[in-house]
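Chemist: All the letters of the sequence shown, read from the start, carry residue numbers 353 to 751 under my numbering.
To be clear, the hints were calculated from the coordinates, so they are not data collected in a lab. Please note: incorrect hints may appear among the correct ones.
Taking lysine-lysine and the DSS-like style, the derived pairs with C-alpha atoms no more than 30 Å apart in a straight line are [said to hold, decoys possible]: (1) 473 / 442; (2) 654 / 667; (3) 570 / 442; (4) 663 / 675; (5) 704 / 594.
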Amino acid sequence: MSSDSGSQTPGPKGIMTFHPTAEEFQNFSRYIAYMEYQGAHQAGLAKVVPPKDWKPRKSYDDIDDLVIPAPIQQVMTGQSGLFTQYNIQKKPMTVREFRKTANSDKFCSPRYADFEELERKYWKKVTFNPPIYGADVNGTLYDPDVTVWNIGKLNTILDTVEHANGITIEGVNTPYLYFGMWKTTFAWHTEDMDLYSINYLHFGAPKSWYCVPPEQGKKMERLAQGFFPGSHQNCEAFLRHKMTLISPSILRKYGIPFEKITQEPGEFMVTFPYSYHAGFNHGFNCAESTNFATERWIEYGKQAMLCTCRKDMVKISMDLFVKNYQPDRYEQWLAGRDTGPIDHSRPTPEAKEFLGEEQGKDCISKEPYGAELNTQVERKRSENMYIFMLVEGGNKISD
């Protein structure tokens, strides 16, 4: 499956797939800016296929003894397209043990002819035989000498916090590994502080994603609040708990535009700020992910709705970012007056090099003024359509 839509109301663009050249692949932040210049952020999710010669690791034959410290069994309850996920922590497992379990008759993938058949089986069997997810494993599988698109060394403005203060948040500004099996799930959520995320599928079975465009985020929240009123009453930001699963049929029925795409081994997925996404693994696999930021994220971080009912939720003070990147608004920010609507269509300010002088001022034009990369881009349209105030734990479980 490349990109497909399940909504009668198409968004401005579908999920885009990028094929950078080796030269274009050298500068991560510049390429993200180029993707936004092309409008990739409007769908909330994009795929990047790296150059053929690029490899993050020479071999994966030596990771069998790697320990997954806290595998979780994902118990899904609910019916009729509305589900709540509960995670039961299991004893530590090695990758060898996890792979053997994932490929066993009890947990292995069913036979299927195409993605549509597998997707139907996922939603039909989502509450049966709870799978085990090797999620939130602190570490990386990149070889130390890999400098290009190294998930542990992206060098974006999010690293400002670590460089200035020596503070790290596991899985947010450090990489996490995720060992999946058939039917393991990441429920609907946006990233911590509505950051960007990047996910690389090292090996194994594909991973399928669903995504709601950021401009439809409030509508998605209202739908979830209506279906899960008890959860919403207990916590305004309950979707950050990553326990809520809503099927495509429900989204379609209630007019929530969404896209879906399948990530193959060796491919990157990038999620953009305030993009609700969810998905599942087709079988045994391993992915690596982390968060990152651009200047455009700062507005999202300033307005992110945070969970206050759990102590392990990530909260980042935005003071440092406003002071460094929006100094003319810093006093207003401190006074609580620097708020306003976010234009989800605008690319990040770093994209101005791809725009003409006038267009670059507001970063809203998509016309091909200025320098343009030679990358191949596939556009998939919808067929239907101070510093850290609190840093405790991670609560990721979010590919």
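Chemist: Indicate, hint by hint, whether the structure satisfies it.
Modeler: Each hint tested on the structure:
{"no.": "1", "hint": "473 / 442", "verdict": "26 Å, holds"}
{"no.": "2", "hint": "654 / 667", "verdict": "11 Å, holds"}
{"no.": "3", "hint": "570 / 442", "verdict": "35 Å, violated"}
{"no.": "4", "hint": "663 / 675", "verdict": "27 Å, holds"}
{"no.": "5", "hint": "704 / 594", "verdict": "35 Å, violated"}
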